[in-house]
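Asks: Listed below are the residues making up each chain.
2 protein chains.
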Amino acid sequence: MKVTAIREISVPIGSSLRNSAFDFSEMTTSVVAVVTDVIRDGRPVVGYAFNSTGRYACGAQMRDRLVPRIMKAAPESLLDASGSNFAPEKFLACMMQREKPGGHTERSVAVGTIEVAVWDAVAKIEDQPLHAVLSERFNHGALARQVSCYVGGGWYAPGKGIAQLQDEIRARLAEGYTTMKIKVGGASLAEDLERVEAALHLVDGGAHLAVDANATFDRQRAHTYADALAPYALRWLEEPTDPLDFSLLAELTQRYAPPLATGENLFSTQDIANLVRFGRLRPDRDLLQMDVAQSYGIVQFSRTLEMLKAQGWQPSAVYPHGGNLMTLAVVAGFGLGGCEAYPGVFGPFAGFHDDARIENGMITLSERPGIGFEGQNELYALMRSLSS
Amino acid sequence: MKVTAIREISVPIGSSLRNSAFDFSEMTTSVVAVVTDVIRDGRPVVGYAFNSTGRYACGAQMRDRLVPRIMKAAPESLLDASGSNFAPEKFLACMMQREKPGGHTERSVAVGTIEVAVWDAVAKIEDQPLHAVLSERFNHGALARQVSCYVGGGWYAPGKGIAQLQDEIRARLAEGYTTMKIKVGGASLAEDLERVEAALHLVDGGAHLAVDANATFDRQRAHTYADALAPYALRWLEEPTDPLDFSLLAELTQRYAPPLATGENLFSTQDIANLVRFGRLRPDRDLLQMDVAQSYGIVQFSRTLEMLKAQGWQPSAVYPHGGNLMTLAVVAGFGLGGCEAYPGVFGPFAGFHDDARIENGMITLSERPGIGFEGQNELYALMRSLSS
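Each protein sequence line maps, in turn, to chains H and E. In terms of the numbering used here, the first sequence opens at residue 482 and continues consecutively. In terms of the numbering used here, the second sequence opens at residue 482 and continues consecutively.
Treat the hints as calculated values from the structure; they're not laboratory data. It is possible that part of the hints are untrue.
Stated by the list, open to error - Pulled from the structure, derived: some chain E residues nowhere near chain H, Cβ distances all over 10 angstroms: (1) K483; (2) Y637; (3) Q795.
To be verified - In silico DMTMM-like pairs for lysine to aspartate or glutamate, Cα to Cα no more than 25 angstroms straight-line: (4) K571(H) to D504(E); (5) K553(H) to E507(E); (6) K790(H) to D608(E); (7) K571(E) to E848(H); (8) K553(H) to D699(E); (9) K790(H) to D699(E); (10) K571(E) to D561(H); (11) K553(E) to D699(H); (12) K483(H) to E507(E).
Glycine included, every Cβ here is placed at the ideal spot set by N, Cα and C.
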């Protein structure tokens with residue numbers, strides 16, 4: 482029982498989106514296929530993943546180091562104790578050979594993407610949806626059928642004014658979503674407050690509206706926005722500081738009473754430990770938003786969650802970055818707070834199974850084996866081309 | 482006046498070295514040539530650099546994003562105010578377009594390597610050694626002729642015992658070095674203390690011996706080693722913790738009175754700000770060891786130094802990682818504490834100008850224009866192949 486090939490391609494995301502920090506016009510992602518010699522339904526089981534959105538493709542790291550390490554390993558050294566399935570934690574350790582401590586992001590995205598693809602294969606071999614496999618291993622088998630899901634939207638775009646923002650929000654509410662996140666920081670404060678108020682006219686109060694500053698504020702502007710936004714009691718204020726500016730974040734936790742959210746631009750367990758400790762985040766209200774595929778994958782995420790629990794954090798405080806089926810499986814499997822969705826953006830690299838239903842802000846899980854990319858046709862067509 | 486091409490190759494370092502954390506058997510580096518249309522001595526000026534040691538080659542990031550951004554920029558947008566030379570800070574800003582905040586290492590190595598190569602070209606166009614150019618811009622023109630230089634050595638190797646370690650140290654002292662750094666943490670504490678004592682027999686007291694744990698200790702072992710090493714009053718104890726474990730580092734600053742050193746595995750100004758603040762490092766004794774080429778280059782290093790000065794740190798506390806000519810120029814130009822040297826290891830990717838003299842622990846600077854790779858024959862042969 483072994484991995485027979487690991488293939489990857491870099492695909493442009495082809496998005497014209499812009500937030501307050503940068504645009505996505507050059508953005509790419511790596512799509513990965515882990516091909517095995519295990520036969521199910523007459524065909525080899527193949528695990529798939531992609532490196533989420535916002536970090537560029539990482540195929541070179543895979544080709545130059547990670548895939549050769551896996552392919553050189555003795556096949557039995559990558560199996561679980563029973564010998565009947567792959568052991569993702571052993572793939573992680575194998576890929577991390579000869580990697581210098583620290584400097585995480587150069588490899589964490591590539592390692593995590595391959596690791597998540599291995600989990601897709603593991604769940605397919607068990608003939609279970611990945612969320613069920615994760616729940617059994619990490620969450621006492623608690624089985625979710627639905628997951629809370631909010632819209633990451635409200636991007637800036639040329640010619641997009643208040644009316645177009647409201648059209649976007651109305652469309653999302655009509656689709657069944659109830660909670661909306663919109664960008665701030667890419668316009669003047671006055672303009673952003675107008676956008677917030679326009680959004681509040683449509684959603685069911687501040688608890689259903691979040692805002693995302695995408696890490697662009699300096700100290701002065703962070704304070705100004707925090708003070709101006711506090712009265713709206715929004716669901717959360719996301720990335721009001723540089724991702725690593727824990728001192729400024731700690732100031733804001735003293736100044737801004739409603740929830741803060743951050744973490745999508747930190748990629749290691751130790752960075753998250755520093756974030757909650759030195760950023761003085763509040764376990765009773767703040768949110769953590771790591772991107773699992775970009776941060777060494779699911780095994781390392783389980784270790785981060787253990788570290789967080791020891792610091793007084795509940796899994797319900799975690800809302801992982803990335804509106805895709807990988808995140809959905811992790812949210813359901815670990816019993817996290819909720820999942821992000823990007824309806825209509827990032828092409829095939831956003832969204833869930835094509836037959837997904839959203840009702841009252843909840844998305845119904847697919848029961849397809851694995852992550853379930855086979856139910857997301859446009860993306861699966863790309864993935865399948867890697868293994869045929 | 483413009484850059485006409487930027488070329489890179491990935492080269493295996495081909496080293497059998499091992500420290501307590503990992504071995505270098507797969508290690509590679511990217512060698513870069515920034516070719517310009519400026520003519521000096523009848524030939525186009527070419528700036529060279531490589532991505533130091535310990536982080537893998539990063540050519541994909543250069544080819545896919547950084548080089549195209551530079552080549553697409555209007556040539557005049559990359560020049561200084563006089564229009565007669567290139568402006569490295571504009572290359573940095575150009576390369577950072579459409580890069581998401583945080584997640585530094587994925588690009589900081591590639592960005593920094595290209596930026597250092599631009600500086601090599603800038604100094605060649607000024608017909609000055611890079612250290613003189615840097616000194617004029619960043620250090621009030623203070624001109625060094627010599628720089629303090631210590632040996633980063635004492636690696637673990639199969640069959641290498643106390644006698645071989647002492648042979649190594651004797652050879653270095655014979656070459657003119659006076660301060661030696663040896664590895665710890667890759668053996669038992671008893672064995673490592675035996676190595677430390679064997680080294681102390683040869684050098685001129687604890688002030689001339691440093692030890693490097695390469696970030697492998699857990700909390701218990703960090704405490705144990707700190708307590709055992711403190712009585713030797715060594716020059717410094719390097720990387721006794723995970724590079725990002727600022728809490729444990731803060732504990733050690735309370736427990737271990739002699740100097741601590743770290744920073745080579747942090748790659749952004751914000752990470753270094755967090756290190757000195759939350760790690761509670763002591764400006765009166767501790768050392769900071771960023772790798773300039775791996776951390777966005779020289780302009781960003783100057784910003785890190787400004788941040789550090791505002792926190793009470795002197796340039797003399799900085800001993801940058803990387804025993805090579807790039808580091809030497811930066812140490813001399815900014816008036817830093819000292820430079821690392823790796824005699825006999827890392828092949829052409831260590832060492833200085835072939836005619837370098839070491840006397841009483843000081844290395845005499847070359848007066849070749851630029852970084853001076855032209856005086857390091859084996860490395861320059863590699864570099865020249867990129868521009869011919």
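Asks: Enumerate the violated hints, using their earlier numbering and listing them in ascending order.
Replies: 6, 7, 8, 10, 11
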